[in-house]
Amino acid sequence: MTRAAETRAEPTLVVKGLKTHFFTEAGVVKSVDGVDLTVDRGEILGLVGESGSGKSVTGFSLLGLIDPPGRIVEGSIRLSGEELTTAAPKRLRELRGNRIAMIFQDPMMTLNPVLKIETQMVETLQAHIKIGHAEARARARDALGRVGIPSPEERLDAYPHQFSGGMRQRVAIAIALLHQPDLIVADEPTTALDVTIQAQILAEVQTLCRETGTALIWITHDLAIISGLADRVAVMYAGRIVETGAIADVVAHPRHPYTHGLIGSVPSRNRRGERLTQIPGMTPSFLSLPPGCAFAPRCARADEACGLLPELSDGPHLVRCFHPMDRGEPA
Amino acid sequence: MGYVLNRLIQGLTVIAAMAGLVFVGVYAIGNPVDMLISPEADQAEIDATIARLGLDKPLLEQFLNFVSGVLHGDFGTSFIYNEPAVRLILDRFPATLELAVSAVLIAILVGIPLGVIAGLIPDKPAGRSIMAVSILGFSLPTFWVGMMLIMIFSVWLGWLPSTGRGETVELFGIPVSFLTASGLKHLLLPAINLALFKTSLVIRLARAGTREVVGQDYIKFARAKGLPESRVILVHLLKNMMIPVVTVLGLEFGSVVAFAVVTETVFAWPGMGRLLISSIVQLDRPVIVAYLMLTVLLFVIVNFVVDLLYALLDPRVRRKGA
Ligand SMILES: Nc1ncnc2c1ncn2[C@@H]1O[C@H](COP(=O)(O)OP(=O)(O)O)[C@@H](O)[C@H]1O
Ligand code: SF4
Ligand SMILES: [Mg+2]
Chain A
1 MTRAAETRAE PTLVVKGLKT HFFTEAGVVK SVDGVDLTVD RGEILGLVGE
51 SGSGKSVTGF SLLGLIDPPG RIVEGSIRLS GEELTTAAPK RLRELRGNRI
101 AMIFQDPMMT LNPVLKIETQ MVETLQAHIK IGHAEARARA RDALGRVGIP
151 SPEERLDAYP HQFSGGMRQR VAIAIALLHQ PDLIVADEPT TALDVTIQAQ
201 ILAEVQTLCR ETGTALIWIT HDLAIISGLA DRVAVMYAGR IVETGAIADV
251 VAHPRHPYTH GLIGSVPSRN RRGERLTQIP GMTPSFLSLP PGCAFAPRCA
301 RADEACGLLP ELSDGPHLVR CFHPMDRGEP A
Chain B
1 MGYVLNRLIQ GLTVIAAMAG LVFVGVYAIG NPVDMLISPE ADQAEIDATI
51 ARLGLDKPLL EQFLNFVSGV LHGDFGTSFI YNEPAVRLIL DRFPATLELA
101 VSAVLIAILV GIPLGVIAGL IPDKPAGRSI MAVSILGFSL PTFWVGMMLI
151 MIFSVWLGWL PSTGRGETVE LFGIPVSFLT ASGLKHLLLP AINLALFKTS
201 LVIRLARAGT REVVGQDYIK FARAKGLPES RVILVHLLKN MMIPVVTVLG
251 LEFGSVVAFA VVTETVFAWP GMGRLLISSI VQLDRPVIVA YLMLTVLLFV
301 IVNFVVDLLY ALLDPRVRRK GA
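Sequence order for the protein chains is A and B.
1 is the number of the first residue of the first sequence in my numbering; add one for each residue after it.
1 is the number of the first residue of the second sequence in my numbering; add one for each residue after it.
The hints are simulated quantities; they were obtained by calculation from the structure and are not laboratory data.
Everything numeric in this text was worked out from a predicted model, so none of it was measured.
Only pairs whose alpha carbons sit at most 27 Å apart, straight line, appear in this in silico BS3-like list of lysine-lysine:
id	chain 1	residue 1	chain 2	residue 2
1	A	Lys-19	A	Lys-30
2	A	Lys-116	B	Lys-239
3	A	Lys-16	A	Lys-90
4	B	Lys-239	A	Lys-130
5	A	Lys-116	A	Lys-130
6	A	Lys-90	B	Lys-124
7	B	Lys-239	B	Lys-220
8	B	Lys-220	A	Lys-130
9	B	Lys-124	B	Lys-220
10	B	Lys-220	A	Lys-19
11	B	Lys-220	A	Lys-16
12	B	Lys-124	B	Lys-239
13	A	Lys-90	A	Lys-19
14	B	Lys-220	A	Lys-116
15	A	Lys-30	B	Lys-124
16	A	Lys-90	A	Lys-130
17	A	Lys-19	B	Lys-124
18	A	Lys-30	A	Lys-16
19	B	Lys-239	A	Lys-90
20	A	Lys-90	B	Lys-220
21	B	Lys-220	A	Lys-30
Partial pick of chain B residues on the chain A-facing surface, computed with a CB cut under 7 Å:
id	residue
22	Asp-217
23	Tyr-218
24	Leu-227
25	Pro-315
In this text, a Cβ means the ideal position worked out from N, Cα and C, and glycines have one as well.
Let the hints inform the model, and build the full structure from the sequences given.
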């Protein structure tokens, strides 16, 4: 088989057994501790979990942007067939912003305050392709237009502080899309924005990704946000994926007690007036996780079996639990 | 432009306040006759000067005379040189300015790269060593370092001269040393000596700035865009880090001029700091008064320029100020 044929056969992203640990003075923080993910070409995957579950660290690991004291200690990340964990720094730089891009959580902090929007876009183009300034500027202008920024020609000469939060995030999205990457990692990009703008931006990014065939990992702590837009969802708890499957299936029939709790704590229209079920307890500290299932201290179904680490099951709807809920059980 | 006007008024207020202080210090407290007339003068000279300076007039009138003198740049005549005090100082000003500017340039050229390196690798041996050197630079007294420099480079090695300014040439009508080989040789040691303290300061500022900026999302985003590390550091990091460094350094320029007194004395550099010291020793009060007023003026002008520069560097300020 030729290399091209191999590449075509592979999904956009295959992550296996990824472990990213931080070696702090207080101990080793195992923020990502054996994560498996697969994202097909053009697919939208929601990565969901409470704050502190390791979603951002997973995202930064994919781009090779983990700073000391953190480091990827184990596992494999294959982007369109190419292994990233062993790639040279130079190769990673070539791929970043080009084949794999990222959108950050806080649009107010993402753009450099002392550089014009034009500079920040043109440099992204010129970092990866040979292109003259005038042509790069024209492409930057078109990219701004595509994400819904009015009068893009004039806005190119503005500085970030002259934009609202929503508009800044659109600029960041335009930058991420510049090279039509294979994959965009969007790390809670709408959390800091108004609810109406959130939905708008999510819908637009979805459309743009579909147009360019770009796969998307949308990180969020709020399952409701992505339930209408993602194809599949992976639920993360304490550095591991505890459930993954088609979004409709997972939302309608959550199998992991944690996912069940997450859905229970999302207010929804047809459940209005009902008491919200909360997941008892707090997000655990990575420095004092129980030896077996990390969710055990908060789980109503926990028993002696849960003192061991459950494996992820097989099939299209995977769950990491000794006593998963059945399809028949009320969600 | 309201911003510029505002700064201008502030500056003028400072100058007026300083004029008041100097007047109180020299004229109102103590006996102005003793303060302003050479102790070697005979009675006839004393009487003539009292009449000329109007020291027999009421205090208010004296103050108005003093202010009018300041406005005309007239601070009286040096007892020692028998020349207008302002002229004496302005003649020596270019030498001091050249020394101070050279020192600041050295501080920037040496301090910023070292500070950035120390900020990028704070825990590595190189980062720690840079900080240790900067602490040393802060703690060693300038005059002692100056003498050590003379010992090593002039006395032992004989590479560089230890006193004077060397050959000068006129640049826009101002005599400068740095354009002749002999002048440059003479300039090097005093400039390094004067730069020492500020270099340490710049290293600290640059390191603190680097550490703050490097943790910002926009640096991570710049890397996520796939920019070469050189561009991340030289453009994204440096442009943000330079704002506080330039501001502080600019504000410190006045104190570099003031510190030059020590260096000029050690290296017999013919600048206005050395003139000040000899004027103090010889009780040449008109020169001291003129020095104080001109230094304040310099501080005010420098701060004003720094404000404008700051606005130029930071688009957020520029916007508000416009
Ligand atoms: N630089 C770091 N040093 C030490 N621990 C870190 C660092 N970055 C992240 N962590 C730890 O990793 C865990 C997961 O963080 P994160 O991925 O940001 O969570 P999420 O994005 O799901 O809210 C957190 O508990 C945090 O303490
Ligand atoms: S393995 Fe046990 S403790 Fe963990 S989620 Fe399942 S039932 Fe609960
Ligand atoms: Mg996060």
